[in-house]
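Chain B: place on chain A using the hints.
Take a look at the letters that make up each chain.
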Amino acid sequence: MRSVRLARAGLVIPAWVAIAVLLVPLVALLLKADWTGIPAHLANPAVVPALRLSLMTTSSSLAICMLLGTPLAWLLARSTHPVTPWLRALVTVPLVLPPVVGGVALLMAYGREGVVGRTLLEVAGWSIPFTPVAVVFAEVFVALPFYVLPVEGSMRGLDPRYDGLAATLGASPWRTFRTVVVPMVAPGIASGATLAWARALGEFGATITFAGNFPGRTQTAPLAIYAALENDPQAAIALSLVMLLISVIVLGALRGRWLR
Amino acid sequence: MTPRLCRGTARVTSPIVAAFALALGVAGCSAAGGAPGNGPTRHTVVVLAASSLTESLTAIAQDFEASHPGTYVQISFAASSTVVTQVNQGAPADLVALAGTSAMGPLDKSRIAKDGTRSMASNTLEIATPPTNPGKVNGITDLSRPTLNVVLCAATVPCGKAAAKALSVAGVVAHVVSYETDVKATLAKVQLGEADAAIVYHSDVVSAGIRVRGVQIPATVNQTLDYPLIRLTDDPTTVAFMTYVLSDQGRKRLRDHGFLTP
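For the record, the sequence lines run as chains A and B. In terms of our numbering, the first sequence opens at residue 0 and continues consecutively. In terms of our numbering, the second sequence opens at residue -12 and continues consecutively.
Just chain B, with the same shape it has in the complex:
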């Protein structure tokens, strides 16, 4: 009985042990990689970025990977507030890009590398409607119509804060049916035709192309957000990628997607 039980156990546990070893091995690799200036140069840059940067930063990362063979840029997009929470909870990241400097407020400043913050671009708000504009939205004051399904970003994320400010400056109480978790979720409701209008960024309207129609918000009530790019490590590939984002090529990509650049 005993040897059989033993053999059986060994058979069962060995894949588990192998899996553990693998997990530890992988964790070990990433831990070693995470330590700045340790061992050989790492070639992966981990970026946490505001969701409004989805198209533009992905394009820049592809350009960078193509012009720097052997490098790999891993980007995770989420609402800026979520990104900040992730960093503060210790998420492994090399670079952080946020929508607006005020999103930086709660960020754990001790994680920022020395002299690691740069302004990468700025963005303004715009109303997005489905291409046919079924709600006949022509301006921000139309958003108060009770027959309209208006979707905004949640008040906790930068686009929601900025939209609330613009609406209050314009003196408009929008007929809101949903507060979405980030700007892309907000835009999606318009793209799917479920919402008649959403307040998103100009860059989102540009990136979405023909799938949505943009309606201007007058400059007197519009909000401008300055996007900080924040480096958390001194890893050379990260420095190179940050330099690339801020280079003429990077800035051109940002402008192509509707951002304003210095």
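Bound-form chain A, shown alone:
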């Protein structure tokens, strides 16, 4: 009996420590907030442009992720080519790569002196760093795996006979994809889109490295929080609470899938 109780304590205590690890910082954020002053802090000239920029860039990033990621997920789910497993591994790289490394890599590729960026500048006169476009590049780079992996998972779970059936009825592969596959994996698309959007919203390292930090142009909400922490900590806390609220809403949207 005693050993059972001991064993149980051995599991329960670390479990509660784990809960505390997650909960203490969030509660601290709520406790340290100057609640009555929040409207005034949110009126800080850096806050509104940062939130607006974050919304604009993350929705663009999400659109790009869906447009490019859905076909990629389909390819990964259906292709039997020996290269496919390697492609799948490649898609997961940004998941484990420190975001700042992603930013450096983006600079090497699309910077003014970059592998692609130099040509872009010479031929088209486009310079990507320090623009909102650079923010979108950074966000797509880090968020794409969060979209592709869940969508690919649901597509792999789909019975390939549906495709075959649609084909025997005369549907083209594109029509099959559009009218059979996509509707059937809609829940996967929804959760992938939510996760990718949330990841893009929180993006910091790749953005500050590749896009820089300029209020209204490349200073997204996380960058504004970091900048505000040193001169107006309460504004940083207020903006953090907005981000926390958004995270909770995202969690609510995913509730059906994860919290059941």
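Calculated from the structure, these hints are not laboratory results. Heads up, a few of these hints could be off.
What the hints assert, rightly or not - Some, not all, of what chain A presents toward chain B, calculated at C-beta under 10 angstroms: (1) 113; (2) 129; (3) 216.
Here the structure is a predicted model, which means the values were calculated and not measured. The C-beta atom is built at its ideal place from N, Cα and C for all residues, glycine as well.
Below, chain B without anything else, positioned relative to chain A:
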């Protein structure tokens, strides 16, 4: 069932317990080490320093370690404002070096050891451009050109404050594309060729060598920052390292990296 569960649990928890013990042990060591004048002499000096000191202070620390065998200097570089925030939040540190005395303003003075502040060096501003100077920057007034990508330090860090002051004295509204978190991040944008110009310290231009080109800022608008070296503990190794930084050898290293020394 019961004994198996128990054995299994024990197997799972023992590495965790071991890890905890290790963590506590390590924390215990550093806590004991952090208390000044307690127990045997500690041989590690923890320094928090302004990022503009990256090359010079690293070189001085290496010299010190070489001439004082058994000592170890651990330095963490960040923007001075970040360093001050870290100290005020209780970061364990023995010595703090800041860019400019005004950065000391928000520092928790109760953490400074008695008679623990000395001036170590001073620094001025300079414009850094890529070696080829693609933006053809020849002076501070050129920074207002709208075709130019100018990068400055954020207004919260000393180099950003000083740059803003110099620009306003010169009456120049620079075409800024990014405000970076510290002076080395600012300089990096020029080294990578992404920015045409940045306002950094003279010491950064000297330390970067051929990787950037310096463009002078006239003395009439330039700003001078006096770097304080602040001791937080009375630990003998820390005192020895502080003395070394302020010695002729230390000051020579600082001058080699473009600082001015008293």
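Verification of the supplied hints:
1. Below 10 angstroms, beta-carbon pairs count as interface contacts, and residue 113(A) has one with chain B at about 9 angstroms; its hint therefore holds.
2. A distance limit of 10 angstroms between C-beta atoms decides the matter here; for residue 129(A) the minimum to chain B is near 4 angstroms, and the interface restraint holds.
3. The beta carbon of residue 216(A) is positioned within 10 angstroms of a beta carbon in chain B (closest approach about 8 angstroms), and the interface hint is therefore held.
Checked against the numbered hints listed earlier, the structure breaks none of them; every hint is satisfied.
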